[in-house]
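Below, each chain spelled out in residue letters.
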Amino acid sequence: MPLTVVNMTPQSLSGEQNQDSEPQIAVNPANPREIVGSAFTPDPAGGSLAPVYVSEDGGLTWALAPIIPGGNSFTGTGDLTIRFAGSGTFYAADLRGDGGLHLNVLRGGTFSPPSAMTVVYDRPSNVDQPYIQAATSAGTDRVHVGANDGNGIPKRQSSLEQSLDARTAPLPDNFSTIVLESRATSGVGDAPSVRPAIHPNGTVYVAYLAWRAWNGITSTTDVVICRDDNWGTGANPYNALNDPLDGLRGNRIAAGLVINWISPTLGQERIGSDLAIAVDPTNSDSVYVAWADNAGGPYTLHVRHSTDRGVNWSGDVRTVTNAKNPGLAVNSDGRLGFLFQQVTGAAPNQRWVTSLELTSNNWAGPAETHVLATVPAGTPGATFWPYIGDYVCLLALNTHFYGVFCANNTPDNANFPSGVRYQRNADFATHVLLNVNNITQVPISIDPFFFHYSPRYKWHKELKPEIKEKLEIKEFKLERKEKFELKENIKPEIDTKGLKELIKDKDKDLVEGGKRFVEGDPFRHLGKIAERLDQLEQDLGDGRAFIRPEERPELGGNIPKEEPTG
Amino acid sequence: MIRGSDVSEYLSRSTFVFTGTVSQAGASSLSQIEATEHTAIVRVDEVHFAPEVLRQYAGGLVTLIGQTAEGLAGEQQALFFTNVSLYGETLAVQEVARMHAPKEPDIVHREIAGESERRDEMRLRERISSAELVVRGEVVGLAPAETELGRGSEHDPNWWRATIRVLEPLKGGSPGKTIELWYPNSRDVQWYRSPKPLPGQQAIWALHREGDVKGLTALSEFDVRPADEIEVQRVKRLLRESLS
Chain W
8 MPLTVVNMTP
18 QSLSGEQNQD
28 SEPQIAVNPA
38 NPREIVGSAF
48 TPDPAGGSLA
58 PVYVSEDGGL
68 TWALAPIIPG
78 GNSFTGTGDL
88 TIRFAGSGTF
98 YAADLRGDGG
108 LHLNVLRGGT
118 FSPPSAMTVV
128 YDRPSNVDQP
138 YIQAATSAGT
148 DRVHVGANDG
158 NGIPKRQSSL
168 EQSLDARTAP
178 LPDNFSTIVL
188 ESRATSGVGD
198 APSVRPAIHP
208 NGTVYVAYLA
218 WRAWNGITST
228 TDVVICRDDN
238 WGTGANPYNA
248 LNDPLDGLRG
258 NRIAAGLVIN
268 WISPTLGQER
278 IGSDLAIAVD
288 PTNSDSVYVA
298 WADNAGGPYT
308 LHVRHSTDRG
318 VNWSGDVRTV
328 TNAKNPGLAV
338 NSDGRLGFLF
348 QQVTGAAPNQ
358 RWVTSLELTS
368 NNWAGPAETH
378 VLATVPAGTP
388 GATFWPYIGD
398 YVCLLALNTH
408 FYGVFCANNT
418 PDNANFPSGV
428 RYQRNADFAT
438 HVLLNVNNIT
448 QVPISIDPFF
458 FHYSPRYKWH
468 KELKPEIKEK
478 LEIKEFKLER
488 KEKFELKENI
498 KPEIDTKGLK
508 ELIKDKDKDL
518 VEGGKRFVEG
528 DPFRHLGKIA
538 ERLDQLEQDL
548 GDGRAFIRPE
558 ERPELGGNIP
568 KEEPTG
Chain F
273 MIRGSDVSEY
283 LSRSTFVFTG
293 TVSQAGASSL
303 SQIEATEHTA
313 IVRVDEVHFA
323 PEVLRQYAGG
333 LVTLIGQTAE
343 GLAGEQQALF
353 FTNVSLYGET
363 LAVQEVARMH
373 APKEPDIVHR
383 EIAGESERRD
393 EMRLRERISS
403 AELVVRGEVV
413 GLAPAETELG
423 RGSEHDPNWW
433 RATIRVLEPL
443 KGGSPGKTIE
453 LWYPNSRDVQ
463 WYRSPKPLPG
473 QQAIWALHRE
483 GDVKGLTALS
493 EFDVRPADEI
503 EVQRVKRLLR
513 ESLS
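Those protein sequence lines, which keep their order, are chains W and F. Under our numbering, the first residue of the first sequence is numbered 8, with each subsequent residue one higher. Under our numbering, the first residue of the second sequence is numbered 273, with each subsequent residue one higher.
No lab work stands behind these hints, which were simulated from the structure alone. Positions of the beta carbon are idealized from the N, C-alpha and C atoms, including for glycine. Among the hints, a few may not be true.
[Unchecked claim] Covered stretches of chain F (in silico footprint by chain W; criterion: 3 or more residues with CB under 8 angstroms from a CB of chain W, positions within the stretch not fixed):
id, region
1, 298-310
2, 325-336
3, 359-366
4, 431-438
Make the full structure from the sequences, and use the hints.
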């Protein structure tokens with residue numbers, strides 16, 4: 008299957024019943040098998056370090072590791088977001104679990120074993136919803152944290168905390184605060200959501216929801232996009248995109264939107280500040296944004312697209328009613344992933360449906376759609392807000408999509424149409440969770456769910472001809488020595504890590520069932536090798552064994568068909 | 273011979289205490305933990321003290337990260353005082369101390385049995401001694417504390433005021449008088465666990481000044497205790513001890 012969904016709660020915590028909501032995920036570009044997840048999850052032992060979920064095998068299995076200073080015993084941290092930079096260094100931005108609206112930016116240590124993070128930036132009060140992005144350029148780690156900041160000013164304003172050298176600069180790292188908001192706001196300031204998106208060429212987009220009026224029940228909101236073309240450096244950063252009407256910083260791509268604040272709730276979840284942004288890694292001119300508003304009545308998600316660096320924007324290319332928690336990401340094929348959570352049905356039988364849509368043409372044709380979860384929206388009862396999260400997370404790395412969402416954890420295959428793996432003890436026949444003793448029943452709760460979408464090209468058509476040909480030749484040679492000569496035929500940049508493993512696995516295939524490969528289906532073996540190459544490509548973070556769309560001019564720039572191999 | 277004082281001291285630094293048997297020395301059952309001479313896979317025979325979620329862990333395996341390699345031999349049974357450093361398919365536990373498997377289990381059980389209560393009482397003592405006012409009282413009114421519509425943050429505490437009639441002053445206050453308690457009425461993650469007074473509720477209230485809150489408040493679960501006689505006597509004892 009191209010899609011893997013995993014309940015992240017470890018087996019040893021089968022007895023847990025927390026409301027583990029508001030998830031995030033970070034994938035190490037230098038080694039995509041290293042993935043970190045987070046949610047409102049406390050250290051079960053009540054220690055002072057808040058935990059994160061860690062995986063060393065690409066998200067198939069997870070452990071919980073207490074590493075974030077300032078944890079509490081109820082939810083671990085306050086708002087928390089996490090990312091890896093290209094250097095492989097792990098970063099986090101959180102509201103400390105022991106300190107109200109107290110912002111920390113943290114840098115990770117060793118991944119295995121996970122070690123406690125170091126605070127590299129500290130703002131003790133009045134910061135909300137820090138949202139981190141990180142990248143590596145010219146050997147330095149760039150960290151950009153969107154935040155709703157009320158320090159030293161009467162109103163909370165959409166801002167950015169950023170460091171241009173977060174990995175090696177001496178502590179405290181060289182973070183600076185940049186206020187993005189350039190216009191008069193409502194009496195209480197802007198909405199909490201401020202979302203940066205980074206392109207490797209130094210283009211940084213930031214989206215925020217500017218409140219022009221607010222009466223406690225609804226806001227009147229502008230969706231604003233700022234841009235900087237060189238990592239937010241220079242005397243006037245984030246001034247590259249001014250509004251055509253007032254000439255001020257930040258293009259108001261939608262204005263005067265009515266958005267309900269907190270209620271009416273959606274499936275026990277509060278509403279009012281849903282926002283996501285993503286830039287195409289192959290083309291920094293192409294940027295997508297998604298938000299939710301009540302302009303048409305029900306709380307509705309909107310997706311729009313700009314192809315000229317945020318100057319001009321499409322109308323809605325996708326809308327979803329009764330939905331929130333948008334996640335956007337663009338992969339290396341220019342393919343857009345859209346993750347969202349929607350309430351369907353009528354009370355008391357409403358369901359939270361979490362979907363991933365993939366499109367290469369802004370939904371001009373049918374999108375590839377995967378329902379990841381469809382679970383009861385009324386149970387378990389909410390302990391606090393956010394019930395499932397004020398946000399989710401979707402990332403793209405090369406051709407792959409990685410994401411995380413939170414949902415009711417009833418072990419019922421019907422609730423997970425794309426399949427699911429549980430680590431915690433569960434009886435899917437009777438739909439009950441079981442404690443570590445595998446006997447005692449455990450109440451259902453909210454858990455984080457990881458997913459990984461891995462495109463599988465129809466290899467015998469899409470594998471590069473020179474690779475295919477050479478592989479086929481080698482497939483019909485029996486000598487082990489010659490099999491190692493495969494090395495000559497795989498792209499040099501791939502042929503660095505894991506080749507021995509590839510050959511070993513291939514050998515295993517060849518003697519599987521005591522049959523020599525020539526008696527079986529040679530394509531099956533090639534298919535397995537193709538998958539291995541794909542994994543190697545992923546491991547390396549560069550190099551491609553498969554044909555890229557731009558290498559197929561006969562397709563007119565269209566994405567080659569991608570057929571799940573199943 | 274196990275001394276109660278040793279058990280108590282080790283216990284105060286541990287969150288997961290168990291009797292276990294070394295299953296494999298120099299090994300690890302978790303990929304994140306490298307096997308060294310200081311590690312061993314240990315089978316948990318009996319859990320003595322643990323967070324709620326691990327109380328049924330008997331029979332499970334842990335990877336012990338020992339303070340020393342000494343004594344980590346196969347089939348060796350011991351009493352392990354540990355803290356959990358990783359929760360995976362199994363657990364990784366960092367050793368605080370190790371004792372011979374208890375031949376006098378009663379001592380261990382006696383020392384360990386009251387540990388949760390001791391930790392709770394320590395927190396209660398801290399909250400009471402730092403409180404500005406401690407009273408037994410009854411809620412006679414609840415009202416929003418701020419006239420403004422709110423702060424436009426999902427973390428808005430949404431302050432309310434509880435009017436409490438003092439039934440018995442324990443630290444400050446006068447009987448029959450009323451006092452005001454500010455409390456966050458929000459269900460947000462930052463505030464949901466703070467006590468929410470109910471109409472007519474009788475309790476022991478430990479009121480504090482916290483940050484920029486405009487009135488006295490009670491934000492910890494230890495600031496609002498049941499008003500039964502046993503708890504009243506306990507609070508009085510803790511107040512006396514904090515003064516002595």
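Practice task
Identify every previously stated hint that the structure contradicts and give their numbers, smallest first.
Solution key: The structure breaks only hint 4.
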